[in-house]
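Residue numbers (this note's numbering), protein chains in the order written: chain A, 1 to 335; chain B, 336 to 613; chain C, 614 to 1101.
Just so you know, the hints here were simulated from the structure itself, not pulled from any lab data. Not one of these hints is a red herring.
With a straight-line Cα cutoff of 20 Å, these simulated SDA-like cross-link-like pairs (lysine to any residue) come out: (1) C:K752 <-> B:P439; (2) C:K752 <-> B:L431; (3) B:K487 <-> C:N915; (4) B:K596 <-> C:T888; (5) B:K487 <-> C:F914; (6) B:K596 <-> A:T312.
Which chain C residues stay away from chain B? Per the calculated CB distances, all over 12 Å, these: (7) F675; (8) G716; (9) S991.
Cβ atoms here follow ideal geometry from the backbone N, Cα and C, with glycine treated the same way.
Residue-level listing of the chains:
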Amino acid sequence: MLSRVADALYWMSRYVERAEDITRILTVNFHSLLDAPVEAAEAAWQPIIAITGDEERYRQCYQEYNARNVSEFLLWNPHNPNAVTTCISLARENARSVREQISSEMWENLNRLYFLVRDLDRDEARRSGPYEFFDQIRYGSWAFQGITAETMTHGDGYEFIQLGKMMERSDKTIRTLDVKYAAVNQLTEGPEASLQLIVLLRSCSAFEAFRKTGASVLQSGRVAQFLLLDQEFPRAVGFCLNRALRSINSISGIAGSDAVRQPHQLNNPQRQIGRICADLDYLNIEEILDHRMHPFLDGLLLRINLVGDDITRTFFNTQVILPGRSQQPAQQQQQ
Amino acid sequence: MRLQIRHTTVFRYAELINEAYTEMRLRPLETAGQRCYRFSLTTEPRGEVMSYLDRYGNQVHHFDTLQSHQQVVVTASSDVETPSSFRPEFQELPPLDRYDFLAPTDYAPGNGRIGEFARGHLVADDPLRTARGLMDAIYRRLVYDPEATDVKTRAPEVLEIGRGVCQDFAHLMLAATRCLGIPARYVSGYLYSPQIVNERKEAGIAIPANAASHAWVDVYLENHGWLSLDPTHNCEQTAEYVRVATGRDYADVPPTRGIYKGSAREELEVRVEVRAVN
Amino acid sequence: MNQQADKRPWLLENSYEIGDFFDEMFAGDSNPHRHYEPIYEQLRDLSRESFEERRRQADIAFLYQGITFTVYNKEDEGIERIFPFDLIPRIIPHQEWDFLERGLTQRVTALNLFLHDIYHEQRIIREGLIPPELIFGAKHFRREMIGIHPPRNVYAHIVGSDLVRDRNGEYLVLEDNLRSPSGVSYMLENRQAMKRTFPNLFQKYEVRPNEHYPQELLATLRSVAPHDMPDPTVVLLTPGIYNSAYFEHTFLARQMGIEIVEGRDLVVHDNHVYTRTTRGLKPVDVIYRRIDDEFIDPLSFNHDSMLGVSGLLNAYRAGNVTLANAIGTGVADDKAVYAFVPEIIRFYLSEEPILQNVPTYLAMRDEDRKYILDHLDSLVVKSVNESGGYGMLVGTQSTQAERDRFRELIRIAPRNFIAQPTVSLSRHPTYQDGELYGCHVDLRPYILCGEEVRIVPGGLTRVALRKGSLVVNSSQGGGSKDTWVLGK
Chain A
1 MLSRVADALY
11 WMSRYVERAE
21 DITRILTVNF
31 HSLLDAPVEA
41 AEAAWQPIIA
51 ITGDEERYRQ
61 CYQEYNARNV
71 SEFLLWNPHN
81 PNAVTTCISL
91 ARENARSVRE
101 QISSEMWENL
111 NRLYFLVRDL
121 DRDEARRSGP
131 YEFFDQIRYG
141 SWAFQGITAE
151 TMTHGDGYEF
161 IQLGKMMERS
171 DKTIRTLDVK
181 YAAVNQLTEG
191 PEASLQLIVL
201 LRSCSAFEAF
211 RKTGASVLQS
221 GRVAQFLLLD
231 QEFPRAVGFC
241 LNRALRSINS
251 ISGIAGSDAV
261 RQPHQLNNPQ
271 RQIGRICADL
281 DYLNIEEILD
291 HRMHPFLDGL
301 LLRINLVGDD
311 ITRTFFNTQV
321 ILPGRSQQPA
331 QQQQQ
Chain B
336 MRLQIRHTTV
346 FRYAELINEA
356 YTEMRLRPLE
366 TAGQRCYRFS
376 LTTEPRGEVM
386 SYLDRYGNQV
396 HHFDTLQSHQ
406 QVVVTASSDV
416 ETPSSFRPEF
426 QELPPLDRYD
436 FLAPTDYAPG
446 NGRIGEFARG
456 HLVADDPLRT
466 ARGLMDAIYR
476 RLVYDPEATD
486 VKTRAPEVLE
496 IGRGVCQDFA
506 HLMLAATRCL
516 GIPARYVSGY
526 LYSPQIVNER
536 KEAGIAIPAN
546 AASHAWVDVY
556 LENHGWLSLD
566 PTHNCEQTAE
576 YVRVATGRDY
586 ADVPPTRGIY
596 KGSAREELEV
606 RVEVRAVN
Chain C
614 MNQQADKRPW
624 LLENSYEIGD
634 FFDEMFAGDS
644 NPHRHYEPIY
654 EQLRDLSRES
664 FEERRRQADI
674 AFLYQGITFT
684 VYNKEDEGIE
694 RIFPFDLIPR
704 IIPHQEWDFL
714 ERGLTQRVTA
724 LNLFLHDIYH
734 EQRIIREGLI
744 PPELIFGAKH
754 FRREMIGIHP
764 PRNVYAHIVG
774 SDLVRDRNGE
784 YLVLEDNLRS
794 PSGVSYMLEN
804 RQAMKRTFPN
814 LFQKYEVRPN
824 EHYPQELLAT
834 LRSVAPHDMP
844 DPTVVLLTPG
854 IYNSAYFEHT
864 FLARQMGIEI
874 VEGRDLVVHD
884 NHVYTRTTRG
894 LKPVDVIYRR
904 IDDEFIDPLS
914 FNHDSMLGVS
924 GLLNAYRAGN
934 VTLANAIGTG
944 VADDKAVYAF
954 VPEIIRFYLS
964 EEPILQNVPT
974 YLAMRDEDRK
984 YILDHLDSLV
994 VKSVNESGGY
1004 GMLVGTQSTQ
1014 AERDRFRELI
1024 RIAPRNFIAQ
1034 PTVSLSRHPT
1044 YQDGELYGCH
1054 VDLRPYILCG
1064 EEVRIVPGGL
1074 TRVALRKGSL
1084 VVNSSQGGGS
1094 KDTWVLGK
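Sequences and hints are given; from them, build the entire structure.
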């Protein structure tokens, strides 16, 4: 597959996922603040910007944190490169540049989503609350994922789409956990802390899934463990990274995870992401609770970002590998 | 005269660049009595050197350097026998040559002042005397000065400032002869001339490392053929001249031309050594 | 319900005016030509609501499928537009098409021989049939191509010739496009749209299919691979998503099942061309390029081009890759060279031209120039190097200021201008703003040259939608129709 095409598919997928994640985080907070005291509002909106990592840019645009400013910033502020509208148009631009690589159904779906976002009556959305709009974005994203799975050949291109989605999602889950966990930790156990944990879980669409694990009490350590390490919930970091590794293996020419290559044959993304997965597999959650959570998540985020860089270098960069001149394995020369 | 030439070009970059493509016109022509017994071209880093003939019959060598690098050295060595004078067999000028060697070019446009200058030396119905007269006039009008112009200078500026190097003399000559309907072409090559180097040294003119590179002009006389004139030295081509490439103007025959990826600036160092062997 | 009232043909309730033109559908007595009778009857029986609804569906389908082209305005901001589609098809009877097919095959064969000649022996110039300055001074004459031998000596593999019909219905060639003619995707999409919206119309006719065009194109491209290789890798080289024809590039690549690449996806090493992939470099043999000569190789042409591939010309010269179309084909669609095409056909084929040119005056000829300058108000003056309807003066619709400007331009650079009498282009009934009226049309068939010449029946019928306008280009307010060539 062309490096440029792989690059575009990967980013198309990341942007769709980003738009969905930001929308969901906004939705959950709108809901939770409906019955919250007014003075809590400022404190509740600020962390949302922290999750997206765009605090500095936000402060350049607005004085205070409130529903109106935050949603405007996250939805359509032109100065915010991660605004939902921007994400959708970037996803579409990327799709457009590889129009022939994706199915017509995917393109039509993304195009509809784009026109929906572009033609949205913003004043009306401000007046009546943007819930319907949020829903449309989220359903649009889900439809996109479903259409992708059902209409596109599950080859390299598909794997790059999966990879982009998983990389973006793990990033957002970690950021959400980081910000919300800190907030919960400042509270003593009680109804307020439980409410915050519910918001955290809902921000990751994880409330019901968490309940089904049999956890009878909402306790921050258990929630963190679930969001970090669960292997079956599709927004848990462990799940995301394992799926990402599977895609990288497939892209790199390894069918299935059984056929493990010799370590020296692994490329950098395989090596790095494999290490992170192993670290998570053997992690004792007790070691990172309370004040140790933030440094741990910070470090994890950094490592995942470095994997992103490795993916770029290995698969997308214009670095030229000459054909037919690959290096001979060292042992053959020793004979 | 038997001459050996060593032409070294060093491309240096402030930072790593990659995907460099280089074309060179460095091989002496096999034409009108000139023979090239040996020619070699090596590059460092080493790469496969390929070649083709361009539309003017010049041999173009080229190679690519895809991997990251900061320096490329190209060394061209040749061993040439030159005739005592340039006397090609008479041939009717093909239509495309007639068009190309009469049409104004970027370097040598036929603008008003050049036309005026050229017409001042027109000898009616005698293109040979006209061409020689123009060569003489340019030789007298321009002062040789390596500091006054650069590789991009065009003929009108040369006439304006009255100074320049062989390339500028040649471009002015091309523009002027073409104005008068005499087909003319640019010749790039080498000049072996220890005495001229000495004279210039004594006159206090700095001698660059590539001083042996030279440019002059061929003019086409109907029913007679090509005649090779050097307006920088006001003489016909002699045994000390080595012809490497011909074209409409400098743009057709630069010794090296290339393109690369990266933002680093390129510095070029050229050394040319010519020696006579018995 | 009263059947009598329904018989009233709403489409024709505002009486359709044939005017002083050849009308594709109606004969002089306002009755449809024979081959239009079935469609005429169907349209007559259709209610306005039903027609409007189908039209709306077709537009939506075009928009959602992204069948758009990009228009650039003064602020350089690209706007995506759908290419307006008219639901009433243009119909060409089979004997008419046979004639066109023979004429186009002859023309394109001669033009390829001409291109080979001017980049080799230049016989046509040496023998005095074409003035040398006309060829050597042409903007698209490429000295780099001299001596290069493209596989099978084919230069123009894909040609789009624009045909018009005069007042008597005679077909004339208005211009040839030998660089990278566009629009073929609309030809294919129009057929799909027609089939979706008016399936039953097809039952009344034996319409020759055109869906196989991409396969024919691929076969043509494969047949000109270097060294006659059996299974060449073909790619389509596009300038990228900001090109106005990008939709078409992706469409054709998808239909042919080949990779669509940008310049940055390709790399040349030791005179061979490769694509950059996630698993290293892969060789490329044939490039269907939709990038102009000037931008295709920054080493040899425009050094600032970000779209091209360095070293491509050298790989091409070495015979390791085929470019379709070849470099330097533009000299054959120069509008001044156009005037010589009948001569070119006679010279290389020793045949009389089957298809005629529109009479053309060359401003470079003294007597022609005088005639042009004396008749600026009645002629159409065209700049020889421009396409897409730019750089044109339509005398009958021009102002004094425009004529003065062209007078000056012609004086400065006569080589760059030609003039033709205003051809009274044929018209075709077209549905616009709730009524049916006659719009001027042309026809661009797509001719493929590889091992052999192949022409998919039909082509793109372009329509000048603005009332009275003669300009059919998509960038200038044109639309299009499905074009039906009938079987025997």
